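Engineer: From first to last, the protein sequence lines stand for chains A and B. Per the numbering used here, the first sequence runs over residues 25 to 392. Per the numbering used here, the second sequence runs over residues 2 to 503.
Keep in mind the hints are simulated off the structure, nothing from the lab. Any given hint might turn out to be false.
[What the hints assert, rightly or not] Restraint ranges, calculated between C-beta atoms of paired labels, are given here:
#	chain 1	residue 1	chain 2	residue 2	range
1	A	G227	B	D446	28 to 38 Å
2	A	M93	B	R435	52 to 62 Å
3	B	D482	A	V299	49 to 59 Å
4	A	E361	B	H325	38 to 48 Å
5	A	G227	B	R435	43 to 53 Å
6	B	D482	A	A229	55 to 65 Å
7	A	A229	B	A422	55 to 65 Å
8	A	G227	B	E400	55 to 65 Å
9	B	R457	A	E256	29 to 39 Å
10	B	E308	A	E83	22 to 32 Å
11	A	P280	B	G374	50 to 60 Å
The structure displayed is predicted, hence computed values, not measured ones. Note that CB positions come from ideal geometry on N, CA and C, so glycine has one too.
Residues per chain are reported as follows:
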Amino acid sequence: MEDDDRTKYLFLSFLQARVGSSLVSHLGNLAPEVVLRTSVAELAGRAKISEKASRAFEELQRSFDPVRMQDRLAAKGIVALTPVDEAYPGALRSIPDPPPTLFVDGKVPEAASVAVVGSRKASATGIETARALGLALSERGVCVVSGLALGVDAAAHEGAVEAGGLTVGVLGCGIDVVYPRRNRDLFRSVRRHGALISEYYLGEAPLAWRFPARNRIIAGLAGTVVVVEAPEQSGALITARHALDAGRDVWAVPGPPGVRECRGSNGLLADGAGVLWDIPEFVDAVAQENRVPLAGGISGGAQPLPAGLEDTEAAVLSGVGFEPRAVDAVAKKSGVEMPEVLTALALLELKGFVSRDGVGSYVRRAMP
Amino acid sequence: MSVCRARSLSLFGIDALPVEVEVDVSPGLPGFSIVGLPDAAVQEARERVRVAISNSGYKFPTKKVIVNLAPANLRKEGPAFDLPIALGILAASGALPAGGLEDAGVVGELSLDGGLRGIKGALSMAEGARREGLPRLLVPERDAPEAAAIGGVEVYGMRSLREAVEFLGDSAGISPAEPADEDGRPVEADEDFADVAGQRYAKRALEVAAAGGHNVIMSGPPGSGKTMLARRMPGILPPLTMEERIEVTKIHSASGEGHGALVTRRPFRAPHHTVSTSGLAGGGSNPRPGEVSLAHHGVLFLDELPEFSRTALEALRQPLEDGHVTISRVAATLSYPARVTLLCSMNPCPCGYAGDRRRVCRCTVGQIERYQGRISGPLLDRMDLFVDVPRLTRQELREERQGEESRLIRQRVSGARGIQARRQGSPNSALSGRRLREVCALRGDAETLFSRAVDRMGLSGRGHDRVLRVARTVADLSGEDEIAAEHVAEALNYRRSHLIGR
Chain A
25 MEDDDRTKYL
35 FLSFLQARVG
45 SSLVSHLGNL
55 APEVVLRTSV
65 AELAGRAKIS
75 EKASRAFEEL
85 QRSFDPVRMQ
95 DRLAAKGIVA
105 LTPVDEAYPG
115 ALRSIPDPPP
125 TLFVDGKVPE
135 AASVAVVGSR
145 KASATGIETA
155 RALGLALSER
165 GVCVVSGLAL
175 GVDAAAHEGA
185 VEAGGLTVGV
195 LGCGIDVVYP
205 RRNRDLFRSV
215 RRHGALISEY
225 YLGEAPLAWR
235 FPARNRIIAG
245 LAGTVVVVEA
255 PEQSGALITA
265 RHALDAGRDV
275 WAVPGPPGVR
285 ECRGSNGLLA
295 DGAGVLWDIP
305 EFVDAVAQEN
315 RVPLAGGISG
325 GAQPLPAGLE
335 DTEAAVLSGV
345 GFEPRAVDAV
355 AKKSGVEMPE
365 VLTALALLEL
375 KGFVSRDGVG
385 SYVRRAMP
Chain B
2 MSVCRARSLS
12 LFGIDALPVE
22 VEVDVSPGLP
32 GFSIVGLPDA
42 AVQEARERVR
52 VAISNSGYKF
62 PTKKVIVNLA
72 PANLRKEGPA
82 FDLPIALGIL
92 AASGALPAGG
102 LEDAGVVGEL
112 SLDGGLRGIK
122 GALSMAEGAR
132 REGLPRLLVP
142 ERDAPEAAAI
152 GGVEVYGMRS
162 LREAVEFLGD
172 SAGISPAEPA
182 DEDGRPVEAD
192 EDFADVAGQR
202 YAKRALEVAA
212 AGGHNVIMSG
222 PPGSGKTMLA
232 RRMPGILPPL
242 TMEERIEVTK
252 IHSASGEGHG
262 ALVTRRPFRA
272 PHHTVSTSGL
282 AGGGSNPRPG
292 EVSLAHHGVL
302 FLDELPEFSR
312 TALEALRQPL
322 EDGHVTISRV
332 AATLSYPARV
342 TLLCSMNPCP
352 CGYAGDRRRV
362 CRCTVGQIER
372 YQGRISGPLL
382 DRMDLFVDVP
392 RLTRQELREE
402 RQGEESRLIR
412 QRVSGARGIQ
422 ARRQGSPNSA
432 LSGRRLREVC
442 ALRGDAETLF
452 SRAVDRMGLS
462 GRGHDRVLRV
472 ARTVADLSGE
482 DEIAAEHVAE
492 ALNYRRSHLI
502 GR
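Bound conformation, chain B alone (with noise of 0.2 Å):
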């Protein structure tokens, strides 16, 4: 009998690249072997496919079965390939008429009833098929609605493997799969703004940060409502836009962490500071997106800061800088897109209580420089606001107002995007150089103002540069194109206080 050949897709990074699935079935001592660099979860095909095979009521030949995943370079992982080899095996042996698997591809992991499982992946899978010309996508039912959404490929959603050989006999019966329906989901998140007590200084240096992409630093006692503040973040960047959300959706459907849906909210990643290094920034033996990855187009939160590892904190450096992460292994080098809102929280000593009111706080001198001294300076040259927040008594939380709704807050800084997207083409947070000197260029009282501040706050050339981005930000917010004085100085407050020393 002759090789029959079906098409499918295996993921790499986040992207799909296209594999061809040969099967030759020859006379000889039955067996069954699969070649083309599988891992151990395609080796184990060989089981799966043999008994779902039975069990959807076909025979599996009692003949060699030679199985190539090609192109043979590439590293094959995952039980994705599951699906095309069965439908390779029974068009090999005449089970299905061969032509039927010529333009279509099929991803899809077996479970021994026959069923179809889940997969990780569908939306790149889609958006490969398409790259691909390949007029058809077969995949699990549960990733129809996900994969779906790219357009341009008519996904269908199967079953089991019986469904999937009568689909391919006859085309009949199953209409292409619809995109999930984005409006079902609300787009508005559950927390609010609204919802916070006080800490009006707080809320207003998150909306500066939103509206520049800035990263901040909070900084406050045990218990001051840092973490309540950054779970709000996200809920004040402006919405998705639909590029933004095939990127997200495909990142987390990549890790296994997909829905069946496009993702509509902005990430919120709070990893614990135990996190490994490859575990934030991506990486593994067989690579994976980290926590940085996942947090893509949203916001990556570290609680704790200073007790996060020193070594995973310097792997955030090339996606605070580049906006991806580049994760070399002996077989390939692979990238997964990580543009982040790097929020993160500490306290002001290692015992939390450092200028609090009521509690008195017992670290040395020394203790408190250490733990300070915890963060390195790369990390902290990435941090355009630092901000502190103190703890409200019960008093001053009773008598606090309602805050301003989320909602608002979103309009205001989508407003100031729009305007930085218009004029420099990127957030403020990226300016640098003779770009921010030419955007933040400052005149009359605002020069006279900032140059006053450079001699007595003693500012750095990069707390120089940090104070010019934010201003820039600040004066966007109210939609002005110059820089005033006013938003210089409201620029200053989010600059780095020192406990000892100055």
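So that you can see chain A by itself, here it is in the shape it has in the complex (with noise of 0.2 Å):
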């Protein structure tokens, strides 16, 4: 009985995966024989279906082989969990439409968890705000969500692996398929600290619309979702969306006015979202159990450089603001002659006072 429904689960989940979810949250009511052995026509009669997903249908039924499945995910340690199974994550049951199957690859942390979600592109500071909190939330013992997209998903990702923390990425195509390339260490690391996770079977390919679907499942797998940098429309907003309709607190960072990358952010700010100003009270407040730090942490780098800062860099600084800023319009703000200011900089970046952008701008970090 239980197998039939993991069968009935793992075939929906297929049939999710090329016609999205609506008509499969019609069917997971039913009785797994009748997902799987009643004729499409039958089927008609009682749910909408559409023409392209009769089809997709038809064509599932004649192909669908769960030993063989199973056997290829096992052959690469991947688990399959359907709502049936224990270690389904609880988190994930009360959501307005949870994933038929997950397929994981690692552990899923029994901790809190935290979803930290923005723009892939981020500015420096948004980049920098995420690193600090994946690292201040792993500290105390957060698991850090969040989609291993560029941008912010990778820095919070990042900042968590730093620290020796729990995190995990949910994928947006198949669970073995790397994507973006460029993040691949990183989806090695994020494996090793806790696990990847994706409701899509092995080799599925990145499709548009398939991110948008994740986000519920990452905003799912959280109880608090921050949002760091996003414009409007963009998927950090899904992923707000989400939570809301699953009950989840919603933060987000404030940006400067006018941004164009910080007006979606700003826009739930507005909406009355918590508003996260402060990195410890921030943290506070979603892990007020969690006190011990975990061992490992930050403090295994290279040795910091002397605190104090001479003259010269401390005039420079003070031609450095929180808007990125030339270093041409900072050798002006701060009185430096060239060479010097180009000296300082440097000096000020690796002492974790400014960070440099990608166009080659500099700005004031949040916390040194």
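Dock the two chains into a complex; use the hints.
Structural biologist: Set out below in structure tokens:
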């Protein structure tokens, strides 16, 4: 009986990967034998099925081979979890549209989770904030959930990995597909520090519609969702909406007014999201019970340079603002001549006071 | 009648090889043929020579005329054999004493009225003549000052075939040409760094690049002044030495771009991004030097680098590595010198406005990655400095005070180059491997700072060497023997920024 249920969910997962979730949520309540063996014509009487969906359905009924699939998954050490399995994450059961099957590579941590999401083209400040959040949350034993995309997602995962904490990456493609390729090392580290999760079977392509869909899993797995930097109409905002639908807390990091990359996240704040203006305060709020810092935190890195700043460095630092500023502008604001400014900026960057963005502009870091 | 010989020279790459023009005029059916691997332009010399001889008032022999260009295995090209062929025919038919041709090299293109036109590669010809031990060289008048610059051979400029015949007859009336007056042309470029408002960071970066012979990529939105900065780069390089002037002039003259005098300014070449592979690196069935050779001892500026074809850019690898281009053809292999400072510019993303404060970038992450990925890794490895050039507001431009003159920057650059020449005999950009580690050894603070940077900034092996080389140049600019922490710190600014990911 249970096996039949599992097979049904596995089948539905494949169906979902082809036709999306609306039909599947309809079929989820039906008995396994109905789903697996009833002809499409008959089903069409009970549910509204589009022509494309019914073709996919028939095709799948013909080719579906649960035993072979289980073998292939097992060969790669990947587990398939369905709602009938004990290990299926409890948090996901409560969302409006739980995935029929979760493919898991690694071990899903049982710790409290916070999702950190945001723009792929985030500013240096945004990247820095996401990384700092990943670090701070990990040190308190909170698992960091994100989507393994470039930009904010990657930085949040990296922060968690750097702190030796727990992290989960939710993919919008097949469980064994590395997308984007740039992140392949990060995929490996996340796998080591937690798990990769996807609702898509081996080899499924990273199709555009699958990413918004996977955002509901990110929101569902986490108790709290933080949006770091998001333009309007971005995936991060979709995640936030899923989080609200599933009854999760939504926080956002305030950005400067008028900046396109921050309009979405600032909009969330205007709508009443939690204001993440201070990372320790936020971490205290979401991780009250986890007071013990993790072993093997950031202290393992290179020895820090002396904390004190020389006069020139202090002068140059005063010329760097919270908005990215080009080197020439920094020189003019601080009144320091060109070669010295360059020296001071590199030293300030190494000491962690400023960071350089993708077009060579400098910005002050929130926390040295 | 007997065989008459005239001595001439043929351009091969940028060097001239001796060619003997043998003319035989014998009884038989009147005819005129040229043998000895001539190309089309040499074959056409028959018509030009025939008409030019008649129009100069001489009689073209109504006999069988055979011209042989020796050595027969060397491919001869171009119209520079017109004059020696004509003189050879006149000597063989008795209009000119045969002895006059013995100790003179002759090159020149004839026009139909018997006048002489300029030729390519006059300077190389003069060098070849000197090497062959010819005491005199006859060239078209236009090219005489250029050819005379080589010294060691008497160069005579000729206006026409008639003048050449009379000169060879009694050698009177014409004195050897003087080298072009070099001081007549200002060495100072018209474009000066003082004219560029702001951009002191980019100027400093170009100063460092000039001082160490480093290659540079400038990245910035349209209208930020990348091209303006690039055009001023030759002005801060040390002046050309005499030897360099001769080399540069030989290349320019061989490609037909000579202007009758020695090149005194460092070349600046900015080929359009549609340039073909052979246009950039040199080649063609009649090989010609490419842009990279024409920029020898100067600056090759590739504007909009990602728009260049990949194959064209790949062809730059050899010259950037070895300082010359080798062109292999079935007939022969030749090599053009090509030691350049490569200066490239690009936009940060396809629309150009990523990171700009006033315009919004509308490129997707994928588009930006593809755009930046168009430049091959091996080419990027040859670049030592990556400079971001932001767009300035009108306000900022107005506030900016007058910049430093190129002349002053050039003095510092020359000083640093001098230090490098005494220490390792080559610019810092050529340092690698063990030599790099010797010359760029770090101690104390500098060492600590550098290892910290390697950790924090994730420098790769190549990035590591690059920072060391540039730090060495920064130290040379301030005249110090040891690389200090501040030199390393400045060099770290010239590393590549990544728009996406890290």
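Engineer: Is 55 to 65 Å respected by the C-beta to C-beta distance linking A/G227 and B/E400?
Structural biologist: 59 Å, holds
Engineer: Given the hint of 55 to 65 Å, is the C-beta distance from A/A229 to B/A422 inside that range or not?
Structural biologist: 58 Å, holds
Engineer: For the pair A/G227 and B/D446, does the Cβ-Cβ distance stay inside 28 to 38 Å?
Structural biologist: 53 Å, violated
Engineer: Mind checking the hinted window 49 to 59 Å against the Cβ distance between B/D482 and A/V299?
Structural biologist: 55 Å, holds
Engineer: Taking the Cβ atom of A/G227 and the Cβ atom of B/R435, is their distance within the range 43 to 53 Å?
Structural biologist: 48 Å, holds
Engineer: State, for the Cβ atoms of B/D482 and A/A229, whether the hinted interval 55 to 65 Å holds or is violated.
Structural biologist: 59 Å, holds
Engineer: Using the beta carbons of A/P280 and B/G374, state whether their distance is inside 50 to 60 Å or not.
Structural biologist: 31 Å, violated
Engineer: A/E361 and B/H325, beta-carbon distance inside 38 to 48 Å?
Structural biologist: 40 Å, holds
Engineer: A range of 29 to 39 Å was offered for this pair. Does it hold for the Cβ distance of B/R457 and A/E256?
Structural biologist: This hint holds: roughly 34 Å between Cβ atoms.
Engineer: Given the range 52 to 62 Å, decide if the beta-carbon distance of A/M93 to B/R435 lies inside it.
Structural biologist: Holds: the Cβ-Cβ distance is about 56 Å, inside 52 to 62 Å.
Engineer: I want to verify a distance hint. Is the separation of the beta carbons of B/E308 and A/E83 within 22 to 32 Å?
Structural biologist: 45 Å, violated
Consistency with the previously given hints fails for numbers 1, 10, 11, ordered from lowest to highest.
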